[in-house]
Amino acid sequence: MKRSLKLVIIVFLQVIFLFSMIGFKNFTMYTGTPVLLKTSPVDPWDIFRGEYVSLSYEISRLESSKIKDNIAKKGSAGSKLAYVVLEKKEKYWDAVSISQSKPVLSNGQVYIKGRVMYYDGKAYNLTYGIESYYVPEGEGVKLERQASLDILVRVDRFGNSVIERLVK
Amino acid sequence: MGRASWLKKETDLWVEKEIISREQAGQIVALYPQDNKNRLISILLILGAILLGAGIILFFASNWQYLPKWLKVGLVIVPLISFHISSQLMHSKYPKLSATLSLLGCIMFGAGIWLIAQIYHINAHFPNGLLFWFLGVLPVAFFLREPLPLSLSSLLLGFWVVAERSSSPATIFMALFFFAVVFYLTYSMPSPFALAAVIISAVAFVATEIFLILENNNNASDLAFSVFIVLLLCGQLLTRLSRHPVNQISYFAVIFEITGIIISGIALFAMSFEFVARGFYEMHNMNMAAFWILYLLAASAGLYLAFRDRAGLIAKVKENLVWMVMLLVIFILLIAPVSKMAIMITLNLLMFVWALSVIISGYQKQNSVYFTLGIFAFLIFTTTEYFNFFWQMLPKSLFFIVGGLVLIVGGSLLEHQRRKVIHSWEEVVTGL
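Protein chains in written order, with the numbering used here: chain A, 1 to 168; chain B, 169 to 600.
It should be emphasised that the hints constitute simulated quantities derived from the structure, not laboratory data.
Hints are supplied without guarantee of correctness; some may be wrong.
Here are the computed lysine to any residue pairs in the SDA-like style, where the Cα-Cα straight-line distance is at most 25 Å [unchecked claim]: (1) B:Lys240 x A:Ile16; (2) B:Lys237 x A:Gly138; (3) B:Lys237 x A:Lys122; (4) A:Lys2 x B:Ile569; (5) A:Lys142 x B:Leu235; (6) A:Lys6 x B:Pro307; (7) A:Lys113 x B:Ala292; (8) A:Lys6 x B:Leu265; (9) A:Lys2 x B:Gln256; (10) A:Lys38 x B:Ile287; (11) A:Lys6 x B:Ser529; (12) A:Lys2 x B:Leu265; (13) B:Lys484 x B:Ser468; (14) B:Lys533 x B:Val414; (15) B:Lys261 x A:Ile16; (16) A:Lys122 x A:Ile71; (17) B:Lys486 x B:Trp593.
Could you put together the complete structure from these sequences and hints?
In structure tokens, the structure reads:
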């Protein structure tokens, strides 16, 4: 095979990979249910992506006594896939149940995919892949001063989530 | 005058005097690498690509809010394609520029991954970004036989294994497979740049995995000292590997030797501090199986490489004496119940003995690089010892005045001696 043809194939695959990253996120963004979540910020910096606000949501720590807990084997270590059912309360969406298999939803509910990082005997500590909000340089410090923030997230029918915007 | 230019001038003279034919002169000149000037161009181009690539990544990291999403993505995709296409167009006429453009194309691919993660606030497992970047760059090295993308993928592989911080069998096997591919490509091209990068990454991989395995098997809070012992064993093994026949291509032997010396020097320097002596002391109560396996592997591989053929046994023992003493000392310190102070003094002495052995070996081989590295290590070690021992003993003003004087006088004397010795070797080589 000629060098130029090999190069075209490689560059094509590189570009396809980048567009597929965009495609997956855009699918969630345009088909997902808007979900408003309450969060509190801290302010680190990432060498590749710049300044960002690290977000800790109310649904990042779920006390098993306050929700319907469908996880039998809790264990303490390892990151496990979990489905958290969210329901709209007054302003924000709150967690109502957690399970390791896809849940059956009632009206007005969505489920979001997360990973249980650990169970401390009382509560699940989870991540959803939406814990970073990238901001222009200098903005992070201003946001950090706020005690709490609202984040509008889109959650698609497969449980994938993406941050749409920050609601000040 | 560079070595190759001097040789060209000399061979022209021999042809003129009818000692050798024009063809033989060409064959002799072809045996030696080109002048530094050509290498300087390559180095300048690579440095330019690295600076430009870092600038592009940092430009996107500043998250300029005035640019819409589609324009940001376009600013990555268009240069990515353009750099690769221009690399192809320049390939036959300007191979060095073409290689640099290919490297820039690969850097743009990485910039694209981080930019899209930033636009969509993706907070996925960070090392995955490095892994995807590596997987995107490796095909450029593999199918297009490009050494610079190979060097970049070697470094990305190292960053990935360190950032992944996992001792799971799946990660270890995956990393071993990728290292095998990268080493295979490095030797088949062969590329000295890629070799230096993959050696550093492989050593980082070994040190990280041993550290993680020790951490999993022990509850000790500070196992950082183990990293430096592993680095020392790897560094010493690298210098032995430089003599293996398989490494007598391109600059491979030199790369092995220099990386080995630098890694050993860094390890010995770190080992002169108190926390390493404490680590050695507490190590007797730990489960060190993973460490002992590495120790035995490094020692037996080193012994095999040093004494592969029995010819000149005494000379070989002399040549490898410092390394064998070092292995023995580490072994004794690991098993004998000696006090923390005794361990610290032994490790400090070991550091100086090693620096002196590098200087002596550089002197015997008339090798200015080893000689300079040895002197540099000796100077750093002496300065550190001065700080370690006299900081609390002397009044601070006197400490700095004496330290400054010792450094200026000692440094200039050493530099004078170094220049004198290297100059005398050059005189012998050029026959002046």
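message = Given the hinted pair Lys261 (chain B) and Ile16 (chain A), is their Cα-Cα distance within 25 Å?
response = violated (30 Å)
ask   = If you draw a straight line from the CA of Lys484 (chain B) to the CA of Ser468 (chain B), is it 25 Å or shorter?
value = holds (16 Å)
task = Mind checking the alpha carbons of Lys2 (chain A) and Leu265 (chain B) for me, to see if they're no more than 25 Å apart?
result = holds (20 Å)
key: 25 Å Cα cutoff - pair Lys6 (chain A), Ser529 (chain B)   = violated (47 Å)
query = Does the alpha-carbon distance linking Lys113 (chain A) and Ala292 (chain B) stay inside the 25 Å limit?
reply = holds (13 Å)
key: 25 Å Cα cutoff - pair Lys38 (chain A), Ile287 (chain B)   = holds (21 Å)
inquiry  = Given the hinted pair Lys533 (chain B) and Val414 (chain B), is their Cα-Cα distance within 25 Å?
reply    = holds (21 Å)
message = For a C-alpha distance cap of 25 Å, please report whether Lys486 (chain B) and Trp593 (chain B) respect it.
response = With Cα atoms ~23 Å apart, Lys486 (chain B) and Trp593 (chain B) stay inside 25 Å; holds.
ask   = Is the straight-line distance between the alpha-carbon of Lys237 (chain B) and that of Gly138 (chain A) 25 Å or less?
value = holds (20 Å)
inquiry  = Check whether the Cα positions of Lys237 (chain B) and Lys122 (chain A) lie no farther apart than 25 Å.
reply    = Violated: Lys237 (chain B) and Lys122 (chain A) sit about 42 Å apart, past 25 Å.
request  = Take the C-alpha atoms of Lys2 (chain A) and Ile569 (chain B), compute the straight-line distance between them, and say whether it is at most 25 Å.
outcome  = violated (67 Å)
Given hint Ile16 (chain A) paired with Lys240 (chain B) - CA-CA distance at most 25 Å = Distance ~17 Å between Lys240 (chain B) and Ile16 (chain A) Cα, so the pair holds.
Consistency note: the structure conflicts with the earlier hints numbered 3, 4, 11, 15.
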